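Peer 1: For reference, the chains in residue letters:
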Amino acid sequence: MEQPSGIAESGLANSQLPGPYPVGTYALRLRDRLREFARVQLSGEVWGFRRGRARVYFELRDAQGALPCSMWQNEFDRLGVQLTDGLRLVVGGGCDYYPGSSTSSPAFSFSVSELRVAGEGDLLVQLERLRKRLASDGLMEPQKRLARPPLPRTIGVVTGERGKARDDVIAGLRRRGWAGRLVWAFAPVQDRHAAPRIAAALRELAALEEIEVVIVARGGGSLADLFAFCDEALCRTVALLRVPVISSVGHHTDRTLIDDVAAVCCSTPTHAAEAAVPIDCRAARAELHRQAQRLAGHGRRAILDRARALSHLSRAPAEHVARHRRQLHQKLRELRASARRMCEQGRSRAGVHLLVLSRTAARASSSDHVRRRADLERWALALAAHDPERTLARGYALVEDRDGSPLASAADVRAAGEVTMRLHDGRVPAEVKE
Amino acid sequence: MTERTYETAVARIEEIIRRLDSGEAGLRETLDLVKEGRDLVEYCAAELDAVSQGLEELRLEELVARLEGAGAREQ
Chain A
1 MEQPSGIAES GLANSQLPGP YPVGTYALRL RDRLREFARV QLSGEVWGFR
51 RGRARVYFEL RDAQGALPCS MWQNEFDRLG VQLTDGLRLV VGGGCDYYPG
101 SSTSSPAFSF SVSELRVAGE GDLLVQLERL RKRLASDGLM EPQKRLARPP
151 LPRTIGVVTG ERGKARDDVI AGLRRRGWAG RLVWAFAPVQ DRHAAPRIAA
201 ALRELAALEE IEVVIVARGG GSLADLFAFC DEALCRTVAL LRVPVISSVG
251 HHTDRTLIDD VAAVCCSTPT HAAEAAVPID CRAARAELHR QAQRLAGHGR
301 RAILDRARAL SHLSRAPAEH VARHRRQLHQ KLRELRASAR RMCEQGRSRA
351 GVHLLVLSRT AARASSSDHV RRRADLERWA LALAAHDPER TLARGYALVE
401 DRDGSPLASA ADVRAAGEVT MRLHDGRVPA EVKE
Chain B
1 MTERTYETAV ARIEEIIRRL DSGEAGLRET LDLVKEGRDL VEYCAAELDA
51 VSQGLEELRL EELVARLEGA GAREQ
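So the sequence lines, in the order shown, correspond to chains A and B.
Under this note's numbering, the first residue of the first sequence carries the number 1, and numbering increases by one thereafter.
Under this note's numbering, the first residue of the second sequence carries the number 1, and numbering increases by one thereafter.
Treat the hints with care, since some could be wrong.
The calculated EDC-like cross-link candidates involving lysine to aspartate or glutamate, where the alpha carbons are at most 20 Å apart (straight line), are [unchecked claim]:
(1) K35(B) / E287(A)
(2) K144(A) / E212(A)
(3) K144(A) / E57(B)
(4) K144(A) / D260(A)
(5) K132(A) / E287(A)
(6) K132(A) / D260(A)
(7) K132(A) / E232(A)
(8) K35(B) / D305(A)
(9) K164(A) / E141(A)
(10) K164(A) / E57(B)
(11) K433(A) / D401(A)
(12) K433(A) / D412(A)
The hints are simulated quantities; they were obtained by calculation from the structure and are not laboratory data.
Model, not experiment: these values are computed from the prediction.
Turn these sequences into a full structure, and let the hints guide you.
Peer 2: Dropping the structure here:
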């Protein structure tokens, strides 16, 4: 390589290698050399398709290796195909290298100019075969039969140490109002070492009696990135763990094998955390408070209501008697009033009768009374005519013996010897002298 | 008798309240149910308290070391 002008740096001491050359110059020469490689057709499965600003990017993989590929976006869009993970492709193109700059990173890619979809990829077929094998071995069910504690005190989490999933798990637990003990078992979640490390972390967590449930969480990525979670050994480990495993690997569109064997599979780490603590602790506490109050109310009423009922019953006989007494008094008052009315009516009727009788009697006796009065007057006159006093008044004298008996004959006067002469104005004693 | 869990306790509390609300329970049964309900509420409150003391985060190896330390002290 030619030595560019204006080089200031001196080379490494004792080095036999040429240079130093500016890296940009070397990178450009590398790009040129790579472009000299023969243009060829390659076949493999597509993984991790994504769109950039001007180009689309994906990996082409098979069991032996992989190559990053890129294609101009307008050329790709003209093909009208959708690339999903695992799709088998045949592509035509050649090696290319973007040398980068002081502000951008370099990148190698196989620059694709032609592309044809060849069919479903081998990796997806292998995945489906493995899924069926696990199912036929009965490994999809054991986890789902495990009882999940509604309120675990200690939760184990297997995730990447620097991933966003870690924060999401904590956010999910906080949303539940859960604040127990969280045990982190960090493991790589995206390379060929990931699966055994994740399996080991799960076994260690399950070996601790305190751990009641385990979350396995990883954020989104291409299915290729998530392939560690389709490892057969890892899936068999999960299936036979004593604690329930809640998986949240990738997004809801992804379906890894660990999702199939786990007790519960969630779309995000936040949801996995909520599945690990099915109860909203704050709501549960409020509900418990309400229930405690209702129980206390029932306990209180059980006594008070019955005490009131007993009190009412104890008063009942007295109230019964009082009611009857009131009724009797009322009847007595009515009776008296009725008797008064009857008396007044009788008196009134008797007065009328009396009046009628007196008038009748008066009418009956008036004529007899006049007649009797005339008789009496006549008899009075007759008697007065015979009154001796009236005779004496005319000058006559009445001779009486000592006893006052009248003497009507001279013989009687002689016989009496001493007599009394009664005149109208007094008595005079007299003596017979012959 | 099945082991008491938070879930079974909550279910039993709800059953007790339904029975009490029905008004069919006599005095003795009511008092017994209220007592049982109070015990269950206390149990549930203790379970909730156990996961409300503040989030404690620790690594697996820390927990293992702590448990091993506790085991060694017991011996």
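Peer 1: Take a quick look at whether K35(B) and D305(A) sit within 20 Å of each other, Cα to Cα.
Peer 2: Distance ~18 Å between K35(B) and D305(A) Cα, so the pair holds.
Peer 1: What's the verdict on K164(A) and E57(B), does the C-alpha distance respect the 20 Å limit or exceed it?
Peer 2: Holds - the C-alpha atoms of E57(B) and K164(A) are around 16 Å apart, at most 20 Å.
Peer 1: Is the hinted pair K132(A) and D260(A) satisfied, with a Cα-Cα distance of at most 20 Å?
Peer 2: 11 Å, holds
Peer 1: Please work out if K433(A) and D401(A) have their alpha carbons no farther apart than 20 Å.
Peer 2: Within the cut-off at roughly 15 Å; holds.
Peer 1: Given the hint that K144(A) pairs with E57(B), test it: the Cα-Cα distance must not exceed 20 Å.
Peer 2: Roughly 27 Å separates the two Cα atoms, so the pair is violated.
Peer 1: Holds or violated: are the alpha carbons of K144(A) and E212(A) at most 20 Å from each other?
Peer 2: 15 Å, holds
Peer 1: Check the hint pairing K132(A) with E287(A) against an upper bound of 20 Å on the C-alpha distance.
Peer 2: 45 Å, violated
Peer 1: Checking one constraint from the list: CA of K433(A) to CA of D412(A), max 20 Å. Satisfied?
Peer 2: Cα-Cα ~14 Å, so holds.
Peer 1: Does E232(A) sit within 20 Å of K132(A), going by the straight-line distance between their CA atoms?
Peer 2: 12 Å, holds
Peer 1: Take the C-alpha atoms of K164(A) and E141(A), compute the straight-line distance between them, and say whether it is at most 20 Å.
Peer 2: 30 Å, violated
Peer 1: Does the alpha-carbon distance linking K35(B) and E287(A) stay inside the 20 Å limit?
Peer 2: The given pair, whose Cα atoms are some 18 Å apart, holds under the 20 Å limit.
Peer 1: Taking 20 Å as the top limit, are the C-alpha atoms of K144(A) and D260(A) close enough?
Peer 2: 10 Å, holds
Checked against the numbered hints given earlier, the structure breaks hints 3, 5 and 9 and satisfies all the rest.
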